[in-house]
Structures are given as structure tokens and as C-alpha cells.
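K.L.:
Sequence:
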Amino acid sequence: MPKKNTTSESPSNTPETAPTMTFESSLKELEQIVIQLESGELALEEALNEFERGIQLARQGQQTLQQAEQRVQILLNDDAQSPLNNFSPDIE
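No gaps in the numbering here: position 57 of the sequence shown is 56 in numbering that gives the first Met the number 0, and each next residue is one more.
I should point out that these hints are in silico values taken from the structure, not numbers from a laboratory.
A portion of the hints provided could be inaccurate.
Unchecked claim - Simulated DEER-style distance windows between Cβ atoms:
hint, residue 1, residue 2, range
1, 24, 47, 20 to 28 Å
2, 60, 37, 15 to 23 Å
3, 63, 42, 28 to 36 Å
Note that beta-carbon positions come from the ideal geometry of N, C-alpha and C, so glycine has one too.
Using the sequences plus the hints, can you model the full thing?
P.N.:
The following block contains the structure:
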């Protein structure tokens, strides 16, 4: 397991200094945290820290999904009657 120690002693893991992660990388990290917690091999304090990080990642993922859903709704509601045009990446 690549990540064992993500305690609060490490300043790079605080929400204020954490780099922006993609949805996919956040999900992958969350899956690893679940595996670690389910293994039962972590000390109590370390398990609590991992659980806290997992909650942060889950909330970020939920927010990202909500934003994506809103974008889809906006796109679908703009004008449902207008015809679709071919995409041209050079037109801004």
C-alpha cells in the first residue's frame, strides 16, 4: 500500500495547502483510504486521520459531480429546440 502515513503532522496534507486534484485522482486516493481502513492495520490516530481525509475527498468529489450536473443541465436547457452544430475547436 503506497500511502500509509498521512497524519496531520504533514503540512502538505492540510486542505489549505493541498494541490488541486482531478476527480479521478481524488477517487483513486479515496479508494486507497477505504482499503487501508478496512484492513484494520492502522493505529487509531492514523485511522482517524485517514478517515478525515476520506471525508474531505468525498465532499470534494460530491461537489465536483454537482457542478458537472449543473453544467449539463445548463447546456441542455439553453435552447432545446436549436439544431446541433458540428464542433470546431478553432472557433472561440
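K.L.:
CB of residue 60 to CB of residue 37, is that within 15 to 23 Å?
P.N.:
holds, 19 Å
K.L.:
Are residue 24 and residue 47 spaced within 20 to 28 Å by their CB atoms?
P.N.:
Hint holds: Cβ distance 23 Å, inside 20 to 28 Å.
K.L.:
Note whether the CB distance of residue 63 and residue 42 lies within 28 to 36 Å or breaks it.
P.N.:
holds, 31 Å
Of the numbered hints listed earlier, not one is contradicted by the structure.
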